[in-house]
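**Student:** Hey, can you work out the whole structure from these sequences and the hints?
End of the sequence shown = 606 in UniProt numbering, gap-free, step of one.
Careful: at least some of the hints might be erroneous.
[What the hints assert, rightly or not] Using C-beta positions, here's what the derived DEER-type ranges look like:
(1) Leu207 - Ala170: 53 to 61 Å
(2) Asn136 - Lys87: 16 to 24 Å
(3) Ser393 - Lys87: 29 to 37 Å
(4) Gly10 - Thr214: 35 to 43 Å
(5) Gln449 - Ala166: 34 to 42 Å
(6) Ala354 - Arg180: 40 to 48 Å
(7) Ala354 - Arg152: 55 to 63 Å
I should point out that these hints are in silico values taken from the structure, not numbers from a laboratory. Note that the structure is a prediction, hence the values are computed from the model and not measured. Note that the Cβ used here is the ideal one computed from N, Cα and C, for glycine as well.
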Amino acid sequence: MNITISRFLGLFGLTLLLSLGLAIGVLLYSLQQLKVDGPEYERVVDAKDLIADILPPPMFLVEAYLTATETARHPDETDANIEILKKLRQDYDTRMAVWAGKDLPPEIRTHLDTKVKPAAEAFWDLLFRRIVPQFNLAKNDGRDTNLAPLRRQFQVQRAAVVELVALSEAYQKSVEARARKADITYRLSAYAASLLAFLALIGGLFLFRRMAITPMRDMDRYMTALAGGDYQTAVPHLKRRDEVGEMAKAVAHFRKAALEKQALEEEARRQAEQAAAERNNRLSAEIERAETLNKVIGELGAGLDRLSRFNIHDTLDQPFQAEFEVLRQNFNRSLAVFQQTMRRVLGKADEIRANAESLDGSADNLARRTEQQAAALEETAAALDQITSKVASSNELTRTTRVKSSHARDNVGRSAGVVREAIAAMSRIEEASRQIGSITGVIDEIAFQTNLLALNAGVEAARAGEAGKGFAVVAQEVRALAQRSAAAAQEISTLIAHSNREVAGGVDLVSRTGQSLQEIEGDIVSIATDIETISQSTSEQSDVLQAINTSVNQMDQITQQNAAMVEEMNAASHSLTEEVGEMVSLVGQFIRDDNRPGQAMAPRAA
Numbered sequence: 001m002n003i004t005i006s007r008f009l010g011l012f013g014l015t016l017l018l019s020l021g022l023a024i025g026v027l028l029y030s031l032q033q034l035k036v037d038g039p040e041y042e043r044v045v046d047a048k049d050l051i052a053d054i055l056p057p058p059m060f061l062v063e064a065y066l067t068a069t070e071t072a073r074h075p076d077e078t079d080a081n082i083e084i085l086k087k088l089r090q091d092y093d094t095r096m097a098v099w100a101g102k103d104l105p106p107e108i109r110t111h112l113d114t115k116v117k118p119a120a121e122a123f124w125d126l127l128f129r130r131i132v133p134q135f136n137l138a139k140n141d142g143r144d145t146n147l148a149p150l151r152r153q154f155q156v157q158r159a160a161v162v163e164l165v166a167l168s169e170a171y172q173k174s175v176e177a178r179a180r181k182a183d184i185t186y187r188l189s190a191y192a193a194s195l196l197a198f199l200a201l202i203g204g205l206f207l208f209r210r211m212a213i214t215p216m217r218d219m220d221r222y223m224t225a226l227a228g229g230d231y232q233t234a235v236p237h238l239k240r241r242d243e244v245g246e247m248a249k250a251v252a253h254f255r256k257a258a259l260e261k262q263a264l265e266e267e268a269r270r271q272a273e274q275a276a277a278e279r280n281n282r283l284s285a286e287i288e289r290a291e292t293l294n295k296v297i298g299e300l301g302a303g304l305d306r307l308s309r310f311n312i313h314d315t316l317d318q319p320f321q322a323e324f325e326v327l328r329q330n331f332n333r334s335l336a337v338f339q340q341t342m343r344r345v346l347g348k349a350d351e352i353r354a355n356a357e358s359l360d361g362s363a364d365n366l367a368r369r370t371e372q373q374a375a376a377l378e379e380t381a382a383a384l385d386q387i388t389s390k391v392a393s394s395n396e397l398t399r400t401t402r403v404k405s406s407h408a409r410d411n412v413g414r415s416a417g418v419v420r421e422a423i424a425a426m427s428r429i430e431e432a433s434r435q436i437g438s439i440t441g442v443i444d445e446i447a448f449q450t451n452l453l454a455l456n457a458g459v460e461a462a463r464a465g466e467a468g469k470g471f472a473v474v475a476q477e478v479r480a481l482a483q484r485s486a487a488a489a490q491e492i493s494t495l496i497a498h499s500n501r502e503v504a505g506g507v508d509l510v511s512r513t514g515q516s517l518q519e520i521e522g523d524i525v526s527i528a529t530d531i532e533t534i535s536q537s538t539s540e541q542s543d544v545l546q547a548i549n550t551s552v553n554q555m556d557q558i559t560q561q562n563a564a565m566v567e568e569m570n571a572a573s574h575s576l577t578e579e580v581g582e583m584v585s586l587v588g589q590f591i592r593d594d595n596r597p598g599q600a601m602a603p604r605a606a
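**Tutor:** Right, here's the structure in full:
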């Protein structure tokens, strides 16, 4: 062969280093592509952020629509709600500017620019150009605000947003599928590169054994035979141009000397005394050189045998003869480079495993937080259901109160007719007095029932919290009116008793009683109107709570989907940790000393 053993060792170490570098490069590239904040992960995050911005606001204009509806029902809150609408418009413009700079798929970009954005711009234009001026007029002179055009435009924008949600979910699934495919591809590449490095190591060891160990064993057997007196067999490996060839040439010289010795034995016998000394000296030198060569072959063979058993720690420490010293130094240097490379690989693998374990722990924490969020949303939905049920009950009680107030108004009307008959016919004053006494009892009972209803209404308003403050004020006024009605009924009874004693003053007393009944009738009509307003407000609050409950349920579904995705990421993190552990175990076979990774072994010089 034309290559020397020392050069072969250098090329073998370089090849192995390049193979390991390739394997490490592929592994690091795979981790770079699939790690958190990597390209594929960013695409997944963008898809999730897009869905989060669609449902709920700002891109989905449900909050702006609800605020406009609340402003139409409560004109006294117009200024504050207009500021809220301006802030919502600002948030919408900010998010649309963000998504304008994102790299979105063509179908999502087209739908966003041609349907969602025009529908939203039309909604904002209609709101601030037509509806907001109507709010200001309603606040000043009590005009009603027509929200029908705004409701129709909101339905158009909502339909466009629903279509965009479907497109975004399809895009998210395609990105996740591409990420899983890339993970498989990069993992197979890393396995292939690691297998290539391992095959390079095995192939190098095989070639080194064939190139150095086997020829040295041949030379060992030949030198043993030569030492036994076999000078007829030709010296093996004479045509090699490496260190083994040099050793073969040296042995050939020894054989030649032995052959010359045999040829000169006759002459030596004739020149016994002179040739004996010369022959002995030459033989001693050749034997010493052969012993040295045999020692070199034995030491080098033992070192290569240890290398074949994955032992890269033990070096050749005993110095060789000057002509073989280069071979020993090259062998030790190759071992040092190989051991240092393997230690670096092991150190990097430990770092990768530590990062994978940290990522594993982060994924577990994220999974727990997602589960807690889902539980909180479920509790919120249950609370909203309870509130909706209570508002419906309050609405039913309000309708019952409205019926009773209508009956009371009819009774007061009949009482006024009786009073007018008493004024027209003085002859029937006594009979009218008895009828008025009966009616006064009815009025007192109505006042008592109205007082109880007002008390119940106040309790329900207190349960409703901030939303029931106005209802509580109305209930207090109703209760005050009921108390005044009871007091008026008492005064009427007193007047009837007095009229029995003083018939002469009956006309005046009956006239004042009629006036009191007319005031009561007006108050009861006002109470009925207020109760009707409260009933409508309660019904509207029930509808709003139902819409909020639907939104909370949608958020709960999205949270459940996020929890499932976190579980998938957690499983991938566990798999990465196990694979890194397997690589550390494989590389660890080459480290047989007790030194820590990173402490390279330097060759010991003579």
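**Student:** With reference to the structure, classify each hint as holding or not holding.
**Tutor:** Verification of the hints:
no. : hint                        : result
1   : Leu207 - Ala170: 53 to 61 Å : holds (55 Å)
2   : Asn136 - Lys87: 16 to 24 Å  : holds (18 Å)
3   : Ser393 - Lys87: 29 to 37 Å  : holds (35 Å)
4   : Gly10 - Thr214: 35 to 43 Å  : violated (20 Å)
5   : Gln449 - Ala166: 34 to 42 Å : violated (57 Å)
6   : Ala354 - Arg180: 40 to 48 Å : violated (25 Å)
7   : Ala354 - Arg152: 55 to 63 Å : holds (59 Å)
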